[in-house]
Amino acid sequence: MRFRRVGRLGTTGALTAAALGASIVFIPSSASAASDWKCYGTAVKRCATVWWDQAADTFRAQAKITDVAGGAAYQVKVIDVKLQRTDKAEYVTVRSTADHDGWHDTEDLANTTTVDPCSWKGESFSVVATFSWKGASSGEKTWRPNQAWGHLCA
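For the sequence shown, this note's numbering assigns the number 36 to the initial residue and increments by one for each residue that follows.
Please keep in mind that the hints were generated in silico from the structure rather than gathered at the bench.
Heads up, the beta-carbon is just placed ideally off N, CA and C, and yes, glycines get one too.
Don't take every hint at face value.
Restraint ranges, calculated between C-beta atoms of paired labels, are given here [unchecked claim]: (1) Y126 - V103: 25 to 31 Å; (2) A91 - A133: 19 to 25 Å; (3) C153 - A107: 40 to 46 Å; (4) A91 - W138: 19 to 25 Å.
Full structure from sequences and hints, please.
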């Protein structure tokens, strides 16, 4: 089995590519392909990935938020992490975790339980989470990276 990834096409492009099977990049099985974080932000990094456990051949959604050193000191948290699959032009949540463990001084990480991606052959997966930070200027953002992950099932 090999790992494939839909490139940065935006939400609409990722859904279209998943539905039509176009513009798919095949990546050899490797540790870097399993944990390809997509991040956004400068003072506070918000990152998400669909983690592929190669040994178990499963997917899970992971999200993390980090207060970047050298700027304002923020407290951070990530909650409501969801692993979603595409169903035609819609996202369908297949796993979720609330992860309401409070504020953290430097970094917070949350993830869902795993799924067998071959249960939904030909569909791509994405992650969405709510990221929050507070300090000199506070913020909250629900974010989905412009990335979809897929799995080639035998």
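Hint check results:
One distance hint, 25 to 31 Å for the beta-carbon pair Y126 and V103, holds here, with the actual separation near 29 Å. For the pair A91 and A133, the supplied restraint of 19 to 25 Å holds, since their beta-carbon distance comes to about 24 Å. Taking 40 to 46 Å as the suggested C-beta distance range, the pair C153 and A107 conforms, at roughly 45 Å. Checking the proposed 19 to 25 Å range against A91 and W138 shows it is violated: the Cβ atoms sit about 32 Å from each other.
The structure is inconsistent with hint 4 alone, although it conforms to all the rest.
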